[in-house]
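Sequences listed follow chains A and B, in order. Its first residue numbered 1, the first sequence is counted upward by one per residue in my numbering. Its first residue numbered 1, the second sequence is counted upward by one per residue in my numbering.
Since the hints were made in silico from the structure, they are not lab data. Keep in mind that a hint or two might mislead.
[Said to hold, decoys possible] Covered by chain B, per the in silico footprint, the following chain A stretches (three or more residues, Cβ under 8 angstroms):
(1) 15 to 25
(2) 51 to 57
(3) 63 to 75
(4) 226 to 239
[As the list claims (entries may be wrong)] What follows is a set of in silico ranges between Cβ atoms, one per label pair, in the way DEER data are often shown:
(5) A:A177 to B:T21: 22 to 28 angstroms
(6) A:R107 to B:P22: 26 to 32 angstroms
(7) B:F15 to A:S133: 36 to 42 angstroms
(8) A:D22 to B:R160: 53 to 59 angstroms
(9) A:D252 to B:R160: 41 to 47 angstroms
(10) A:V175 to B:L244: 35 to 41 angstroms
(11) B:L244 to A:S183: 51 to 57 angstroms
(12) A:A209 to B:L262: 50 to 56 angstroms
(13) A:S5 to B:V8: 35 to 41 angstroms
(14) A:E24 to B:V8: 35 to 41 angstroms
(15) A:D106 to B:L262: 42 to 48 angstroms
[To be verified] Chain A is faced by these chain B residues, among others (derived, beta-carbon under 10 angstroms):
(16) R20
(17) A85
(18) G193
Backbone N, C-alpha and C define an ideal beta-carbon position, used for all residues, glycine too.
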Amino acid sequence: MISASRLSKTYPDGTEAVRAVDFEVAPGEVFGLLGPNGAGKSTTIGMLTTTIRPTGGTARLAGFDVAKEPLAARAVSSVVFQEPVVDRSLTGRRNLELHAQLWRVDRREAASRIGELAAVLGVADLLDRAVGSYSGGERRRLELARALVSRPQVLFLDEPTVGLDPRIRAELLEVIAGLRTTSELTILLTTHYLDEAEKLCNRLAIMHAGRIVALDTPAALLARLGREIVELRVPGDPADAIASLRSHGIVDGDGFAVGSTLTLPLHDRSAADAVAAIGDAGVGATSISTRRPTLDDVYLRLTGGRLAEAA
Amino acid sequence: MSALAPTVTLARRRFELTTRTPRELFVPLLTPILFAAVIAPALKVALHTGSAYEAFVATGTIGLLIPLNTMFSGLSVIVDRETGAQRELLAAPVPRGLLPLGNLAVALLVTAFQVITLIAVALARGIDFHTDAVGIAWFVAAASAFAVGMYGVAETLAARVPKAEEYIARVPAIAIVPWFLAGSLFPINALPGFLTWFAKFLPLTHGLALVRYGLLRDSSGLHNIWSMGNTTAMAALSLGVVLLFAAALTVVSIRVFTRRALR
Chain A
1 MISASRLSKT YPDGTEAVRA VDFEVAPGEV FGLLGPNGAG KSTTIGMLTT TIRPTGGTAR
61 LAGFDVAKEP LAARAVSSVV FQEPVVDRSL TGRRNLELHA QLWRVDRREA ASRIGELAAV
121 LGVADLLDRA VGSYSGGERR RLELARALVS RPQVLFLDEP TVGLDPRIRA ELLEVIAGLR
181 TTSELTILLT THYLDEAEKL CNRLAIMHAG RIVALDTPAA LLARLGREIV ELRVPGDPAD
241 AIASLRSHGI VDGDGFAVGS TLTLPLHDRS AADAVAAIGD AGVGATSIST RRPTLDDVYL
301 RLTGGRLAEA A
Chain B
1 MSALAPTVTL ARRRFELTTR TPRELFVPLL TPILFAAVIA PALKVALHTG SAYEAFVATG
61 TIGLLIPLNT MFSGLSVIVD RETGAQRELL AAPVPRGLLP LGNLAVALLV TAFQVITLIA
121 VALARGIDFH TDAVGIAWFV AAASAFAVGM YGVAETLAAR VPKAEEYIAR VPAIAIVPWF
181 LAGSLFPINA LPGFLTWFAK FLPLTHGLAL VRYGLLRDSS GLHNIWSMGN TTAMAALSLG
241 VVLLFAAALT VVSIRVFTRR ALR
């Protein structure tokens with residue numbers, strides 16, 4: 001449903017925002033682009049939604065080349081933007097109707113679809129109020145309803161829950177998860193909330209400096225770090241500590257440090273063995289604990305400083 | 001696929017947004033109405049001129065109203081981009097060049113309403129217009145084409161400047177300075193020689209000469225530009241200038257908008 005092949009964007013000032021990324025998203029799949037600010041997620045979504053012209057490679061939505069057939073590509077897709085993108089002085093209903101008209105949805109079908117979506121997304125009582133009076137969560141749900149009015153084959157969600165308070169964020173995640181289970185919609189979402197990515201996405205691409213550095217299911221990404229990790233804080237140079245741990249065979253190349261905290265995947269080693277070995281290595285940890293790996297660890301391992309390699 | 005339906009949708013949207021912002025309708029009217037209804041009659045008394053001068057200034061204020069209103073309309077493009085739904089429109093399956101055209105349709109409609117209001121106020125104030133059907137046709141053609149061109153200027157500027165503050169800072173230079181040079185308050189041949197020549201290149205000078213030719217059946221403005229004997233030929237030439245201005249700025253505004261929309 002979505003395919004990107006060697007997709008690249010270099011801005012006129014020479015900034016390589018996206019560097020030859022490749023991925024395929026199957027119909028009905030929820031695919032996440034994960035990465036820090038500046039990783040190239042928004043540029044990638046911009047190229048797929050035809051607001052940024054690729055400088056290399058190709059991308060297709062439902063078979064339509066986004067550079068050569070932008071109108072057809074836009075006709076099969078909808079976007080929920082990171083920032084509020086609504087006509088605030090118009091009512092919620094009018095915002096939805098305008099989307100339906102621009103996407104050429106039959107008037108009668110649009111009216112019924114608006115009613116149906118407003119009920120599902122909990123905005124039915126707000127539809128005849130000006131959007132300027134909506135709360136952040138209400139407006140975001142309206143934008144989601146708007147994107148779905150035209151029954152898109154592909155839905156782009158650009159940081160859909162950013163800026164929302166935790167309760168509203170949880171509610172919205174439920175709604176998006178519901179879309180995943182009840183429709184054949186293909187969703188591409190960008191996020192830097194790892195719990196969100198893990199909860200919603202069938203597969204994740206982790207982007208760093210314009211490249212995809214890992215692409216797999218959340219479970220497979222987690223499995224790369226084994227079943228358990230050791231986290232320790234060290235008083236001195238973490239690079240020296242990592243080097244010492246490597247020389248004692250306690251950590252492979254995938255240990256990493258963020259500040260003074262070292263994270264060491266255990267793979268097949270038991271936690272008790274590892275803790276004892278760390279004590280024997282004389283690293284001088286001020287605290288030490290074990291836990292199950294999370295996507296945060298995968299993310300930091302791939303996008304953070306790779307001190308293990310430097311050591 | 002017809003472009004008419006999406007253009008109508010975009011124009012209706014812009015119209016609905018405009019009617020919810022009354023300042024867009026009425027603020028540009030204030031200065032021209034002050035000129036037509038208060039300053040022109042006061043100048044007539046102070047300068048001991050006749051009714052003809054009062055009508056001259058009243059029609060000249062149309063040359064202030066059109067640029068002010070179209071520039072105000074351009075401001076709404078920035079608002080749309082910064083806090084409105086422009087990105088949603090850019091993601092819609094319609095050619096992006098239709099967005100400025102939808103806005104233009106509403107800018108023309110609002111300008112027409114304002115010009116009619118201005119003329120009604122001037123008539124109520126006792127200012128005489130001497131016109132006929134042919135004159136009204138010249139007036140409508142000139143005012144419409146000039147408004148289209150000025151909206152092109154506004155849309156182009158709105159696409160090029162990042163902030164509303166920067167846009168507003170440029171409005172006096174674009175909408176007001178040319179008005180003083182284009183024969184609005186006095187004939188252009190009253191200006192110093194080099195400014196007279198400069199004024200002849202301003203689309204507003206041609207527009208105002210045609211407005212007066214249409215509403216007052218006064219061809220002196222056209223003579224000051226062309227120095228020819230055939231009034232209809234001079235009017236046609238001036239209309240050609242204004243139409244060229246309108247066509248060129250419309251094309252430029254669409255190109256600038258679509259290029260800025262696609263980074």
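Status of each hint after checking the structure:
1. Coverage of the region 15 to 25 of chain A by chain B is violated. Counting CB-CB distances below 8 angstroms, 0 residues qualify, and the rule asks for three or more.
2. Check on the region 51 to 57 of chain A: 3 of its residues sit with their Cβ under 8 angstroms from a Cβ of chain B, so the three-residue criterion for coverage holds.
3. Beta-carbon proximity to chain B at under 8 angstroms applies to 4 residues in the region 63 to 75 of chain A; the threshold of 3 is reached and the given coverage holds.
4. Against chain B, the region 226 to 239 of chain A contributes 0 residues with a C-beta closer than 8 angstroms to a partner C-beta. That does not satisfy the three-residue criterion, and the hint is violated.
5. Taking 22 to 28 angstroms as the suggested C-beta distance range, the pair A177 of chain A and T21 of chain B does not conform, at roughly 39 angstroms.
6. Distance hint check: the CB atoms of R107 of chain A and P22 of chain B are about 30 angstroms apart, consistent with the given range 26 to 32 angstroms.
7. A beta carbon spacing of about 22 angstroms between F15 of chain B and S133 of chain A contradicts the range 36 to 42 angstroms that was offered as a hint.
8. Against the hinted window of 53 to 59 angstroms, the Cβ-Cβ separation of D22 of chain A and R160 of chain B comes to about 36 angstroms, which falls outside the hint.
9. Distance hint for D252 of chain A and R160 of chain B: a CB-CB separation of about 54 angstroms, inconsistent with the stated range 41 to 47 angstroms.
10. The hinted window of 35 to 41 angstroms between V175 of chain A and L244 of chain B is violated, with their beta carbons roughly 54 angstroms apart.
11. In this structure the supplied range 51 to 57 angstroms holds for L244 of chain B paired with S183 of chain A, their Cβ-Cβ distance being about 53 angstroms.
12. A hinted range of 50 to 56 angstroms is violated for the C-beta pair A209 of chain A and L262 of chain B, which are about 24 angstroms apart.
13. Distance hint check for S5 of chain A and V8 of chain B: the Cβ-Cβ separation is about 38 angstroms, which falls inside the suggested range of 35 to 41 angstroms.
14. The hinted window of 35 to 41 angstroms between E24 of chain A and V8 of chain B holds, with their beta carbons roughly 39 angstroms apart.
15. A hinted range of 42 to 48 angstroms is violated for the C-beta pair D106 of chain A and L262 of chain B, which are about 30 angstroms apart.
16. Residue-level restraint check for R20 of chain B holds (minimum Cβ-Cβ distance to chain A is 4 angstroms; threshold 10 angstroms).
17. Interface hint status for A85 of chain B: upheld, as the beta-carbon distance to the closest one in chain A is roughly 5 angstroms, under 10 angstroms.
18. A hinted interface residue such as G193 of chain B counts as satisfied when its beta carbon comes closer than 10 angstroms to some beta carbon of chain A; here the least separation is about 45 angstroms, so the hint is violated.
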